[in-house]
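Engineer: Based on the hints, put chain B in the right spot on chain A.
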Amino acid sequence: MSARWEGWPPPSRPCRVEGGIKARSKRGAIGEQWWSRRFIAVLESYGMSGRLARGRSYARAGQVLDFELSQGKVTARVQGSRVRPYQVRIGILPLTTAQWRTVQERLASQALFRAKLLAGEMPREIEEVFADCGTPLFPHSAGDLDMRCSCPDWEVPCKHLAAVCYVLAEEFDRDPFAMLAWRGRGRDELLTALRAIQAGPRARAGHEDPPRAAASAAGTAGRAGLDGAAAPLGECLESFWSPGLSPARLRALARAPESATPDLLLRMFPPPPVQVRGKDLADVLAAAYQQLADDYQGPEL
Amino acid sequence: MRVIHGIWADEALCLWAEDPALPRAHAPAPGAGRPSRAPVPHPFAAQAGELADLLAALPGSAGEAARKAVDDELTLHLPSAGGGPLASPELIRPDADPAGPGPRDRVSLARWRVPVVAFAGAAALDLLGSVGSLGDVAAVAGGSLPYLAALARFAEGLAFRGRVLPVLVAEDGGYAARWRPVLDGADAQRARDLAAAMPASCRAAGPEPPGLLLAAALDCLTDAAARTRLPAPLLSARRGRTPARLPWPERFVVALTTTDARLDVATPQDEEEAGALAAELEAWLDAARIPAGPVRTCFRLAEPSDPDGDHWRVEFALQSAEDPSLMVSAADLWAGEGATLLGSGLAAGRDPVEELLAGLGAGARLFGELEDALRDPAPAAVDLDTPGAFRFLKETGPLLAGAGFGVLLPDWARKARLGLKLTTRTQSPSGSSVTAPKFGLGDLVNFRYELAVGDQALDPDQLAELARLKVPLVRLRGQWVELDEAHLKAALRFLQRNPPGTMTAGEALAAGLRAPDDAAPLVDVDADGWLGDLLSGQADRRLAPVSAPAGFAGTLRPYQERGLSWLAFLGDLGLGGILADDMGLGKTIQLLSLVAAQPPGSAPTLLVCPMSLVGNWQREAARFTPNLRVHVHHGADRLDGDSLAALLARGDDPPRPPREGMTGADLVITSYGVATRDQAALSALTWARVVCDEAQNIKNHATKQSRAVRAVPAAARIALTGTPVENRLSDLWSIMEFTNPGLLGPAERFRETYAVPIERHGSEDAAAALKRVTQPFVLRRLKTDKTIISDLPDKQEMKVWCNLTAEQASLYAATVADMLSRIEEATDDISRRGLVLATMAKLKQVCNHPAHLLGDGSRLPGRSGKLARLEEICEEIVAEGDKALCFTQYAEFGRMLQPHLAARLDCPVLFLHGGTPKKQRDTMVETFASLDEPALFLLSLKAGGTGLNLTAASHVIHVDRWWNPAVEDQATDRAFRIGQHRNVQVRKFVCVGTLEERIDAMIEEKKQLAERIVGTGEAWLTELSVADLRSVLALSPDAVSA
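Chains A and B, in that order, are what the protein sequence lines are. Read in order, the letters of the first sequence correspond to residues 1 to 301 in this note's numbering. Read in order, the letters of the second sequence correspond to residues 1 to 1042 in this note's numbering.
Next up, chain A with everything else stripped away, as it sits in the complex (with noise of 0.2 Å):
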């Protein structure tokens, strides 16, 4: 990046980072879904498009070491070019409790927005919902947002907020969850209180909450369970040169049912918005799926 930098600070190289949070986003925009690109908007209202590329190259690099969410806030450290990282720190306003229950209360009505929430996605009613109560989820301006950086630059926000907000981004899209915990309720908090709207007056009462779930499977899935660990090699002598089923059941496992739909991959999981020679990547690929399936007479006896 070779900025004509006028002013103070003076273009500087930030220390470099192991094991920060990457912004996995490698091009382009940052924010895949509709509801965290509504929030990087408001970012890119500021229109200082110099620091936001720094923040999202920043982001990229994982110069934020960590960040922390919680209710009407988000703290963060960012590796800048001093050798002490820099405290960030992200307020909104969070819902009053009175305004949650409201909330709550529509959000129980439907059971869309606890639906699509849980499969990952931000139901887009939901922004009628917060409106109604007159605290919009998404910030509309900067003024919405407290945006703080020990740096030394004064501008707000500078390439360290920016990346935060872009890091923060990607988070809201792996959970939209994430986004109402920053506005007062946090995921299990929330499911809680709906299942007591659920379950009525009569539940409501002595409602014991159930345990808490275990930690979010997220990221912990593994491929497919198969990170499972196995008896050391020096303790499997005896059957040392078999595999711990015969020949058939091998190939029985081994053979699978065919499928009807050889793209429903792509159907279900719409490949990233790419182009290829004017063409999405979704379009091409439907195509090779289908090549893949053709005249597939499954695997031999």
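Possibly wrong hints are sitting among the right ones.
To be verified - Covered stretches of chain B, as calculated for chain A (at least 3 residues, CB under 8 Å):
| hint | region |
| --- | --- |
| 1 | 107 to 119 |
| 2 | 159 to 168 |
| 3 | 193 to 200 |
| 4 | 358 to 366 |
| 5 | 896 to 910 |
What the hints assert, rightly or not - Simulated pairs of lysine to aspartate or glutamate, EDC-like, Cα-Cα distance not exceeding 16 Å:
| hint | chain 1 | residue 1 | chain 2 | residue 2 |
| --- | --- | --- | --- | --- |
| 6 | A | 73 | A | 144 |
| 7 | B | 489 | B | 507 |
| 8 | B | 988 | B | 973 |
| 9 | A | 22 | B | 282 |
| 10 | A | 279 | B | 250 |
| 11 | B | 470 | B | 485 |
| 12 | B | 421 | B | 459 |
| 13 | A | 22 | B | 272 |
| 14 | B | 771 | B | 524 |
| 15 | B | 988 | B | 872 |
| 16 | B | 919 | A | 238 |
| 17 | B | 795 | B | 926 |
Stated by the list, open to error - Computed from the model, here is a short list of chain A residues facing chain B with C-beta under 7 Å:
| hint | residue |
| --- | --- |
| 18 | 244 |
| 19 | 245 |
| 20 | 293 |
None of these hints come from the bench; they were simulated from the model. Remember, predicted model here, so these are calculated numbers, not experimental data. Built from N, CA and C at the ideal position, the CB exists for glycine as well.
Structural biologist: Chain B in isolation, oriented as in the chain A frame:
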């Protein structure tokens, strides 16, 4: 023979081999003190070059790949003792010394440097696809190879089923476009099961746990499999000038189908763009790899409760993924009930309603109507109108099922189809086929077609009205029916063109077997008389049983009489049939009784069987149909075409006096090989029928022998097989093409009409249609049928007659000659006795296998008639899903058989001998009893004789004989005990024309005497005079099969 092992290392399949010709350990280096810590070369691993040469001889692309393979070396951790690595159990050394460590050796892991041949990507797929052909190049596959081959097949399935996503990954300083597997739900379970079954030998190269190794291998193999399916570029060629720098998405898509997946990075800008694209694709892959939970959301289509209603519902429920019958409806869940039903299925702390909602939220992406239903605070169902229900049946349901949701459709959705019903009536007063004196395919019958649902005929006017309304689902006589407009129109058109009338029985048979029009399925046939018997597929039960003919020296069980009448009935009509009874039910004697029942003056029957069965047929014919004149057309000195024709015409073949007006032979036995070579001569003769025994030999219609037997003209054709033909449709087609040429149409159309819909899409319609066409011509009785069991004795004993190979025969003759020359020199009784006993043992070993006598560790396949029969019989047992005990006197023979049969049969083969420690013995017995798949238990007789309870087996095989009925019976009784309800089949192997047959005859003919003299073992033989010995031991000419 070299034993080949495989291991996945460094993104390639690495093969290495143990060579039995190399020493077990290195000679200790002179003056060497403590062994050095660095790994040394494996003492008996084959050199990489040698292995590559060996593999290069493999047929097809595997051999091709081997010629281009890369030599390498790996350091493997292998079980070792006494300064050398232990051999794998498949390795047979010439010095028949039992493998395995001595009791004092401590087995531990040690590192050895092993030369390997490495195969990457497509080459690895090719190699693993040819593991079954290793026998062709005189090599044996170690346990790791079938394992890795299963991984390759799994990977291919993933690619072909579209369970892959393309990604851009950093590789070798650049990037590469790769297809990666997406393992979810059932596939993830399969992958975990495969990882758990990984043999330790596959992990010998490094510390990676099985799961990671498996994932690494799957990544490579899936990518290679996807590429083989995508030979052409996905993008059309660029027109005009190609820019110097293509955008990365385009480079990526191009590299998804090329052999070389790698993409170079030249500039920082390249790096930036590639990295960006890679990250986006990786995020996509991550999103698709959602772990599947133990419960899933399920959609159930419920029909309107009001019979005239239009109010369909798709109800929601949570379903246990493990046990789909465990289900709780959404209504119950909302009421806070039923969650406990799912029990442990629900992970701790998970709220069942939220599980349901998460599924509904995801399902809404595929099922648009769901979104509206979710507006309700506690939705339990989606309401649909009739067209919506039809769409769910046809499109949305299958889509959701494919995405891993549970989908339940009403019973009728697959079954109740609208189609044509054919009714035929004989013109003469109807009577049972056997009382009608004459019947044939030329008889005239009245027929009419109607529209029907299931077996209910419908009023065409009513249907025409429905067709006009264009409703896809209608309720007819209280039952919902899919009304495919095209089907209905085609059926109505067909009815107009085909008013009631008469046709010949032959035409009616054809019409009753197959739908007249592709668009209008045939749903029911109602025929009377013999045509009805035949089309019902139960002709054997409807026909009056035919009792055994006069010339048949034996008794037929009731079901065998039914089989005989079925064969005769089809034969009279000039139709062919497949007799596919379970093994042991007596296909041979049913066929022999049919031949014996034919009227005088009939043309002979040509029987084609595998070479290994020629002797068996000859012996069985002699025993059950002694009056039949049997000619064996086999061997190098067989008659030429003219002489055979003359013989059949003159009738001077057998020593028996020829009967008046008969041709010279009633039954001509030949092998598939000879039938192929002498096809022209055999085709020139007149045959009453051609019979193919072990018809799986013609399962491939394109082979020479299949073409040859099809070319021999005959009035009727019969196929005998014990392998369930209906499981492999291409086999079924080929065998039917022999028995009833043209019945199933050309191979290509058969594939399109039946094989693909049934095997690929599980179409029940196609399966029903195929059953309708084939059932009149296939008779298959299972020994587990209640009616059959009642006909069978609890213990069936039978002999299995085997021929010797030429090699066995010459070894046998040499052994006998050697003894006869030396017995004269035997000075005293003791040395004479010793010589006779040693010779006996040698001859029995020759009868078993030349390698058994020679003890040289030479290859097994194709050298012993007995082994060939044993393989065939064990294959049938395994195909029937049974377990068998196989006894041999010789532990060393068992040791040779174990790896050979294990590789050949694809099922566990246990081996217990005198040296097996007590603890291991108990484990084996327990394993054998608890295995829920077919298995073979090899026992050396002495070890198996006492104290073992092996009642899980329903077959007992005595490969060689003790000549002591008491000992054999005791062994047999391991499987046949009080409390054992199963019928047990006992087979005793006898080599024809050898001492085995003669001693067997002595035992059979003089049971009383034999028990007295033979009862104590073989000692009595030593008392025989030289002349007697000569006649007992000498080889008779019919011993050899080729």
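Engineer: With a cut-off of 16 Å on the C-alpha distance, tell me whether residue 421 (chain B) and residue 459 (chain B) pass.
Structural biologist: Distance of about 12 Å is within 16 Å: holds.
Engineer: Count the residues of the region 107 to 119 of chain B with a beta-carbon closer than 8 Å to any beta-carbon of chain A: does the count reach three?
Structural biologist: Our answer is that it holds, as 3 residues pass the Cβ test (under 8 Å) against chain A, meeting three.
Engineer: Is the straight-line distance between the alpha-carbon of residue 988 (chain B) and that of residue 973 (chain B) 16 Å or less?
Structural biologist: holds, 14 Å
Engineer: Are the Cα atoms of residue 470 (chain B) and residue 485 (chain B) separated by 16 Å or less?
Structural biologist: holds, 7 Å
Engineer: Next pair to validate is residue 73 (chain A) with residue 144 (chain A); report whether the Cα-Cα distance is within 16 Å.
Structural biologist: holds, 12 Å
Engineer: Does residue 524 (chain B) lie within 16 Å of residue 771 (chain B) when you go C-alpha to C-alpha?
Structural biologist: Roughly 13 Å between the alpha carbons, so the hint for residue 771 (chain B) and residue 524 (chain B) holds.
Engineer: For a C-alpha distance cap of 16 Å, please report whether residue 919 (chain B) and residue 238 (chain A) respect it.
Structural biologist: holds, 13 Å
Engineer: Given the proposed pairing of residue 489 (chain B) with residue 507 (chain B), does the C-alpha separation stay at or below 16 Å?
Structural biologist: Not OK: residue 489 (chain B) and residue 507 (chain B) at ~24 Å, beyond 16 Å, violated.
Engineer: Should the hint that residue 245 (chain A) touches chain B count as held when the rule is a Cβ pair under 7 Å?
Structural biologist: Given a least distance of 4 Å, the restraint on residue 245 (chain A) holds.
Engineer: When you check the alpha-carbon spacing of residue 22 (chain A) and residue 282 (chain B), does it fall within 16 Å?
Structural biologist: holds, 13 Å
Engineer: Next item in the hint list is residue 244 (chain A). Is there a CB on chain B closer than 7 Å to its CB?
Structural biologist: holds, 4 Å
Engineer: For the region 193 to 200 of chain B, does the count of residues with a C-beta closer than 8 Å to a C-beta of chain A reach 3?
Structural biologist: holds (count 8)
Checked against the numbered hints above, the structure breaks hints 7, 17 and satisfies the rest.
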